[in-house]
Amino acid sequence: MPLPFGNPEPHALKQTFLKDVTIVVRYDSVCDVCQSDELTKFANDRFNLDIFKDWQGQEEVVMSSDNLVKFSFLENEVKIRLRFPNYKRFDDILKFLPLALEFLSLRKADCVTEIAVVKYNEINYTLPNERLSAKDAMKDLFNDELLKDDDIFDMSDDDFKNLSRWEKKLDFSDDENHNLEVFIVCGFAINPETPNRGALILKPSVSYKCKDMPLVNLHDELKKLNTIAFQAFHWSIRQEIFSKLLE
Amino acid sequence: MNKNFRNTLKSKVATIVTALGIIFSPLSADATLTPNADKTFCQCEQIENVVEINNNNDIIFESVTTNLPTLETTTPKAGQYNFDASEAINSAFRDFCARAARRGESVNALKPIADKMADLLSDVRVESVVVTGSVEEEYLNIRLYMPGDVLISLNVEEDDPEAVVNIYHKNTIMASDEADLNAIHKMLISVQYSNV
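If you're matching them up, the sequences are chains Y and Z in order.
Here the numbering used here is used: the first residue of the first sequence is -18, the next is one more, and so on.
Here the numbering used here is used: the first residue of the second sequence is 4, the next is one more, and so on.
Among these hints, one or two may not hold up.
[What the hints assert, rightly or not] Sample of chain Y residues at the chain Z side, in silico, Cβ under 10 Å:
1) Thr(-3)
2) Asn105
3) Tyr106
4) Leu181
5) Asp193
6) Val197
Treat the hints as calculated values from the structure; they're not laboratory data.
C-beta: ideal position from N, C-alpha, C; glycine also.
Take these sequences, add in the hints, and give me the full structure.
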């Protein structure tokens, strides 16, 4: 099945809903020592970041003190997250790729098994009157194709409170894309204290499972995934809204 | 940790108004935020941090219920943490079940675990609750986000009454009997009031 998004090229948008972008690199490792002190030093020296270490769940985290740059390390995974406004274009986050490569080097991994790009959008909305609800905001923003086949609008108003999230997995089973998966998560959050205001969430994730991808290919492969993530975003929202982002 | 991330936007926020009059608020691409982004961002990050981004289409499900603070509020108020943990767990678990059902899975076997945790936490107030579980691995994880950036993670396995409670930034305890669960409850109440 071909990608349903068409082939729009990534645009430089004048307005954006994008709040953060994450790169995920998974690998097989024969070494289970994290050596995070070395990574912290590397991050500090190389990127001149004021950073600190922390544990969040099972993740060991190295992050800048302003929380705009974050590196997370798990047993077989490294993640780099960059937030707006530090993120303006994909090259901004690729600048931090050397830290992931350093991490892989410390873990004695010379190839990766999966990569992913996740783009998190958060869209604040205000309803003009109480006859409208978060459902209307979703219908106004999101493409009909994104919302169809889900039971979003079968929910009662009682259930349609606070925050809910739906996940759509797009499955590509042809030979060319058989390792490619696209998840699009959309949802909403309502503030009970100000029910006319809330936020919609749109998060396209594109992952590519690969067998022994050489590290040297990482940069270019991530850029390809980013293009698909942009196309998924473009497809997910109504054209008239996207046009407004260009103005 | 996130207390510094609650300032307001410096630059003017543009809006998009739809035919229905709904206003969407994007950021100007050349906007500069104060060193520490806005608060909605901070709170939604708590939600998004727990999303499984590549879950291999397996039987891990996740459900979230949360409170969304207002942009104007620059510091947390006690009243914002107005979710009763018990209700929040029940609500999140219902959604968890619905998500499982949509994928053709039943997670009813995990319900007694959710009920047990809901009972235990009936008078604890939280900011948000995340329920994650696996039918195949027969476990349920309940994460409670509490004031003061405290995350409490309860891992319970169906065939094992033992509850492992991790209170990040605070302590780690394991419970294997009723007395331990009572001690955990006491600690949660203590955390609740010490951080508001």
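**Prompt:** Close enough to count: is the Cβ of Y:Val197 nearer than 10 Å to one in chain Z?
**Reply:** 23 Å, violated
**Status of the Y:Thr(-3) interface restraint (C-beta, 10 Å, chain Z)** = Holds - the Cβ of Y:Thr(-3) comes within 10 Å of chain Z, reaching about 5 Å at its closest.
**Item:** Status of the Y:Asn105 interface restraint (C-beta, 10 Å, chain Z)
**Value:** 4 Å, holds
**Prompt:** Quick one, is the Y:Tyr106 hint okay against chain Z at 10 Å, beta carbons?
**Reply:** At about 5 Å, which falls below the 10 Å cut-off, the nearest Cβ of chain Z leaves the hint on Y:Tyr106 intact, so it holds.
**Message:** Holds or violated: the hint that Y:Asp193 contacts chain Z, with Cβ atoms closer than 10 Å.
**Reply:** Cβ of Y:Asp193 sits 18 Å from chain Z, so the hint is violated.
**Message:** Tell me if the interface restraint on Y:Leu181 is satisfied: Cβ within less than 10 Å of some Cβ in chain Z.
**Reply:** 8 Å, holds
When held up to the earlier numbered hints, the structure conflicts with 5 and 6 and fits the remainder.
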